[in-house]
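Protein chains: 2
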Amino acid sequence: MSPLREAKPKVVVCRSLGPAMPLLAQQADIDLVVWSEDRSCPRPWLLENIPGAAGVIVLLGDKVDEEFVRAAGPGLKVVSTMSVGYEHIDLPLMARHNIRVGYTPDVLTEAVADITIMLALMAGRNDNNVYSTVKNGDWARPNFAWSPFKLCGPQLSTTLSSPTRTAGFLGFGRIAQATLARLVGFGVTHALYTGNPASSNSSVRDEELKTRHRLQALERVDVDRLARESDILFVLTPGGAGTYHLVDEAFLRKMKPLSLLVNTSRGSVVDSDALAKALKENWIWGAGLDVVEGEPLITEDHPLVKEPRCVIVPHIGSATFETRLDMATRAVENLFAGLFGRDMPAELRV
Amino acid sequence: MSPLREAKPKVVVCRSLGPAMPLLAQQADIDLVVWSEDRSCPRPWLLENIPGAAGVIVLLGDKVDEEFVRAAGPGLKVVSTMSVGYEHIDLPLMARHNIRVGYTPDVLTEAVADITIMLALMAGRNDNNVYSTVKNGDWARPNFAWSPFKLCGPQLSTTLSSPTRTAGFLGFGRIAQATLARLVGFGVTHALYTGNPASSNSSVRDEELKTRHRLQALERVDVDRLARESDILFVLTPGGAGTYHLVDEAFLRKMKPLSLLVNTSRGSVVDSDALAKALKENWIWGAGLDVVEGEPLITEDHPLVKEPRCVIVPHIGSATFETRLDMATRAVENLFAGLFGRDMPAELRV
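Top line first, the protein sequences correspond to chains G and D.
Each residue of the first sequence is one higher than the last, beginning at 1 in this note's numbering.
Each residue of the second sequence is one higher than the last, beginning at 1 in this note's numbering.
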């Protein structure tokens, strides 16, 4: 083997990165192997191709485990996933083998905050009903008559005669704060959140946010107050055992009858059966969900899909060209940092 | 007739105003006649009941014409419509008979600005496709596999690698300005508009808005630049002959391939056939419409209803409890002002 060939690390990419591929293909100093179909690469293809790889770009569906590491061999330096989640990667195993791991947080904050606002608006405006009204041609039928309170819902923005609005955040990280920044333009006046115990740092931050957004209040509260006082409740907390079914029947029973619930984080935080009951029995007005417990196995007879005041989209929070390209770009940057021993833009450590 | 009976003006209400009815029913000093079903009152009922009326509350469907005025008789002082539009009222006729006319502008600004943002987000996020994906159970099927650029669309908000966004406004009145205030939270950096010739007043206002919203630019432009430079084009101009088909094939051909068009004002401003062609041939990315030319006669085989990247809702811009209650309240206030010779909150003059 010539020294030149030795100098070219092998990189395996488990899925075409679409418009981000030129970033890899233009690199003359790597030996590139790509599964170029727009579907997950089959496991046998992966195991056949990773031997000798120094770096691998993976997605959520690609399990990075003992088998993966053994197949790759001792030269594997970096696994870079184009995802914020890393449930598919055995991190302690990576640490034992000195394999660096990159991921793509942060870059999707703005896209998810966008869809959070979209779902809050859609949930308030009865989008399931109005959608079928147009799609089925009901708009054109004589029995579709305008009426002063037909197809109405609670208004997200404030008005002269309804001058306050309280946004509640279950979890108050980057996406929640980006959502709050958007809500200010709708006249939201109060923000409540639950989260990690307030440190002196977060009081300073809260004071700064309250001033910047000209809020009447920005307050860390307990879950009970959050449920009782929110006009719109945003679920923006990580998944996992610690947040499992935080929004359950007891929580939903405390909410206001015209309130909205929006979940754009993890389906497991909200008890789907309790939410369906809350909607059916009018404990709350409506819900907008980008994530549902048990997804993607959500069929047309799922109790929430059948609920007329529940709007569901199929986990597309980060699905914009800009954000997905940023995620792919970040995955490539992480890969190169791992290959050539530089600092990663976003590195996961155990 | 006793003086007491003479002192009680007769008021006819052509449609139950729902939660706003107590405002009328609690008034002891009027003689109230209400069509209380939640549908338009039949014309014969109206003509039978308005003789001797001093005030009438009407809606868009009730034609206020010669026949109406003749049936009411010379005691008619005020017609109050629960609507912003007044196409159903013959204003010169009202002037000739010294009948004052009230309407309900302004109060729906915030609700319409909300739905304008909702439609911009939905148009970018392929809501027709994602909706049917969930409703049809496709999310649960094995062939629904996540893929890096599946179901993507252009992002409304700015990102680190895509740091500018230009919002264009065809018409720059109250609703457009309320929409712009909301867009600031999404990171929109540039705003362009067409409208009445810039006066020194509007330059001062524009400077103030630019500073308040920290925009890089806020500029009145010609229609050509508006079409070419907008990432999102908001149609927010009044209807009528002067704006008929302002958005036509020539306009749409100038727009950017990833741009969005949102119409929440009047259907007649946008040429539906041209828009359907623009979407089919990818001149623009998507459209969100609360109004469509020829509504409500929009059937399921309408070219825009069939377009997958066109989101349509059935003219529900002001359909929130808060706003409709404000409109009904304003209609009642206008009525009383007209009955008792006071200033109206919102009076229409020829």
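Just so you know, these hints were derived from the structure itself, not from any lab.
All values derive from a computational prediction rather than experimental measurement.
Ideal Cβ positions, reconstructed from N, Cα and C, are used throughout, including at glycine.
Mixed in with the good hints, there may be bad ones.
[Said to hold, decoys possible] Subject to a maximum C-alpha distance of 20 Å in a straight line, what follows is the list of computed EDC-like cross-link-like pairs (lysine to aspartate or glutamate): (1) D:Lys135 x G:Glu300; (2) G:Lys277 x G:Glu249; (3) D:Lys210 x D:Asp222; (4) D:Lys63 x D:Asp29; (5) G:Lys63 x G:Glu347; (6) D:Lys306 x D:Glu333; (7) G:Lys150 x D:Asp38; (8) D:Lys256 x D:Glu281; (9) D:Lys135 x G:Glu249; (10) G:Lys254 x G:Asp301; (11) G:Lys210 x G:Asp222; (12) D:Lys77 x D:Glu66; (13) G:Lys306 x D:Asp138; (14) G:Lys277 x G:Asp248; (15) G:Lys150 x D:Glu295; (16) D:Lys150 x G:Glu295; (17) D:Lys63 x D:Glu48; (18) G:Lys135 x D:Asp138; (19) D:Lys135 x G:Asp90; (20) D:Lys135 x G:Asp248; (21) G:Lys63 x G:Asp271; (22) G:Lys306 x G:Glu295; (23) D:Lys150 x G:Asp138; (24) G:Lys135 x D:Glu66; (25) D:Lys135 x G:Glu37; (26) D:Lys135 x G:Asp138; (27) G:Lys150 x D:Glu37; (28) G:Lys63 x G:Asp29; (29) G:Lys135 x D:Glu249; (30) G:Lys254 x G:Asp271; (31) D:Lys306 x D:Asp273; (32) G:Lys135 x D:Glu307; (33) D:Lys150 x G:Asp222; (34) G:Lys135 x D:Asp90; (35) D:Lys306 x G:Asp248; (36) G:Lys135 x D:Glu295.
[Claimed, not checked] Partial chain D-side listing against chain G, Cβ under 10 Å, derived: (37) Asp29; (38) Ile30; (39) Ile117; (40) Pro303.
Next item on the list: Taking the numbered hints from earlier one at a time, note which ones the structure violates and give those numbers from smallest to largest.
Entry: 4, 6, 9, 10, 19, 20, 21, 23, 24, 25, 28, 29, 33, 34, 35, 37, 38 and 40
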